[in-house]
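Chains as they are written, first to last, in our numbering: chain A, 1 to 172; chain B, 1001 to 1139.
Bear in mind the hints are in silico, worked out from the structure with no lab data behind them. These numbers were taken from a predicted model, which means no experiment stands behind them. Keep in mind that the hints are not guaranteed to be accurate.
[As the list claims (entries may be wrong)] Sample of chain A residues with no beta-carbon within 10 Å of chain B, all distances over it, derived:
1. 2
2. 20
3. 73
4. 88
5. 90
6. 128
7. 155
[As the list claims (entries may be wrong)] Derived pair list, reagent style SDA-like, types lysine to any residue, alpha-carbon separation capped at 20 Å:
8. B:1003 to A:92
9. B:1003 to A:46
10. B:1003 to A:155
11. A:5 to A:54
12. B:1002 to A:96
13. B:1002 to A:93
14. B:1003 to A:54
15. A:90 to A:157
16. B:1037 to B:1014
17. B:1037 to B:1099
18. A:46 to A:88
19. B:1003 to A:31
20. A:160 to A:62
21. B:1002 to B:1014
22. B:1002 to A:46
23. B:1003 to A:150
24. B:1003 to A:4
25. B:1002 to A:100
26. B:1002 to A:150
27. A:160 to A:95
28. A:4 to A:54
29. B:1002 to A:94
30. B:1037 to B:1076
Just so it is clear, CB atoms sit at the ideal spot from N, CA and C, and this is done for glycine as well.
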Amino acid sequence: METKKLLMIAFAIAITFTQEQILVFLPNIQFTVLLMFVFASVFTYKEMFIYVLGYVLIDSLYMGGFNLFYMVPMLLSWMTITVIYQVFLKQSDNIYFKASLAFVFGFIYGWMFIPFHMMQTGIDQFLPYLIADLPFELVMASTGFLTVLWGYNPLVRVLKISLNQPVPITVK
Amino acid sequence: MKKIGLSIGIIFVTVIAVFLLTRQINDTVGEIRFVVKDQSDNIIIDDRLAFSEDDDLVTILEDNYTVYCASETYQPTLNCDTTFVNGRVILGIEDIVTDWNNTYIGIYINGTYSSVGVDSIALRDGDTIIFEVMTLGDE
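Isolated chain B, as found in the complex (with noise of 0.2 Å):
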């Protein structure tokens, strides 16, 4: 009797714990460094932000802070549903917002300039994402 009691304990508390332990983790995947420099190339935003498996740049983004993204007339909004051809267009974060034709986010993932838009970013624990304000013409 005590054997049966103390098997069905193990299997409940196992059960219970790895659905916990399981959900935490697919929690938090990983952490990556979120820095937001303006044209002066000062640091405005400068956070470790934790992501889960489903989650990408922008979802992660618009959790944590006001993103602002391009409307199909390259419009700053809010809503962040509007797709080009190579994905969503960020104009802005919280206090820095850009208006494309003179200035734009130039995006860095540990210090290389990404040719690839926030669409197409994979997110990585440990990776430094760096969102800089850069003025079009310029290097």
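Looking at chain A on its own, in the form it has when it is part of the complex (with noise of 0.2 Å):
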């Protein structure tokens, strides 16, 4: 891997933990799916992992202290996003699309940590838990589908500059 890629790593894992603990004062607001989308366009596969395993466990020590009813469902609900990037956006210029997979990401986040938590708290009953959840998934699904619209292509092509890589056509 280039030195360059793993600059590119530790600085993406330290910028989307300080803008989480930043904004964390406002309940699933925050720019993390943005960021996610963000490098998951210059990142492969493997670069991807290492951010967001990088990411998870900074979190999880200063959040949870490696609560692993926290600490799993937040991986796996990340490497998600990577999949879901590589698999249906890397090929679509449409921020349309990629804002809309961003809005069904917050669900699918909020989704991943419910039988975790259902095993921690020892609740068996999966549709209170569910409708509770519900608000905070709308709100991380709308701030995800906004950030990514307004935020994801200036980003991106910042981004594509400093790797000397070419710069997407952006589609209005």
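Using the hints, put the two standalone chains together into the complex.
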């Protein structure tokens, strides 16, 4: 792996973690989905895995002391975004499609935590948990949609220029 | 322009949806099974009662049934404002009314006899609360 890419992963982890902590007082409002999309546009699977793992480890250490009920679903859901991006979005230039999948991801992220929280708390009723989590999922979905819609293209452009990669043509 | 319109639309829909969902969730935090048995162990009432965050047991019973609380002289009354040292005392529900001197309402929570009164019972989703008419001196 290139040194430049390694440094970029380190910066990506630092930026993602820092912005999340700055916005921690606003439940589920953050730029993490946008940053995941942006970095997934230049990182390979392997690089994304290192980035996501590094971010999840630091976040879990800081927020929950490596609590597995927090760390595992987080790792799974952020890795899902990598797969979603690489499979469905890598070849697409349509920003609305990307923003729509960022919206869907808000719900996927919330659902991923449900079985783990049910195991941790011993609550065996799925439906009340699902309903109770809906407002938070909706906020995350909308935040993901809006941040990707407005921030994805400018950030990818800057990133690709700094990596000397061809800049994508923006579809308005 | 399309982006701005879409963004405003998403924000608007999210705010409305979160407001409505939060209200609905606050209205139904959980549900208890409420059972009333008479002296012969016959089930008189067996209902599921939803409760919200601000509810207590007496409130949800008053919302759903005719509740008789004890007055200062331990007479059954529809007014549940009288509070004793250990909180309010319920003497009756619907047609089942006890007199406190010979009969009273024993409370079982998930099959265990409650050692606290109605005002000290926390509502937990899925709990079964049984009000059973007991005869004083009986086990």
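Checked hints:
1. 2: holds, 35 Å
2. 20: holds, 20 Å
3. 73: holds, 22 Å
4. 88: holds, 20 Å
5. 90: holds, 22 Å
6. 128: Contrary to the label, residue 128 (chain A) does not stay out of reach of chain B, its closest Cβ about 7 Å off (not over 10 Å).
7. 155: holds, 16 Å
8. B:1003 to A:92: Holds, at roughly 18 Å.
9. B:1003 to A:46: violated, 33 Å
10. B:1003 to A:155: The hint holds at about 17 Å.
11. A:5 to A:54: holds, 14 Å
12. B:1002 to A:96: holds, 11 Å
13. B:1002 to A:93: Measuring from Cα to Cα gives roughly 17 Å; hence the hint holds.
14. B:1003 to A:54: violated, 34 Å
15. A:90 to A:157: Answer holds: residue 90 (chain A) to residue 157 (chain A) is near 15 Å, not above 20 Å.
16. B:1037 to B:1014: violated, 47 Å
17. B:1037 to B:1099: Holds - the C-alpha atoms of residue 1099 (chain B) and residue 1037 (chain B) are around 16 Å apart, at most 20 Å.
18. A:46 to A:88: Given that 20 Å is the threshold and the Cα spacing comes to 18 Å, the pair holds.
19. B:1003 to A:31: holds, 18 Å
20. A:160 to A:62: violated, 31 Å
21. B:1002 to B:1014: holds, 18 Å
22. B:1002 to A:46: violated, 36 Å
23. B:1003 to A:150: holds, 8 Å
24. B:1003 to A:4: Violated. Residue 1003 (chain B) to residue 4 (chain A) sits at ~34 Å, over the 20 Å cutoff.
25. B:1002 to A:100: Distance of about 15 Å is within 20 Å: holds.
26. B:1002 to A:150: holds, 12 Å
27. A:160 to A:95: holds, 17 Å
28. A:4 to A:54: holds, 17 Å
29. B:1002 to A:94: The given pair, whose Cα atoms are some 14 Å apart, holds under the 20 Å limit.
30. B:1037 to B:1076: holds, 18 Å
Against the hints set out earlier in the document, violations occur for numbers 6, 9, 14, 16, 20, 22, 24.
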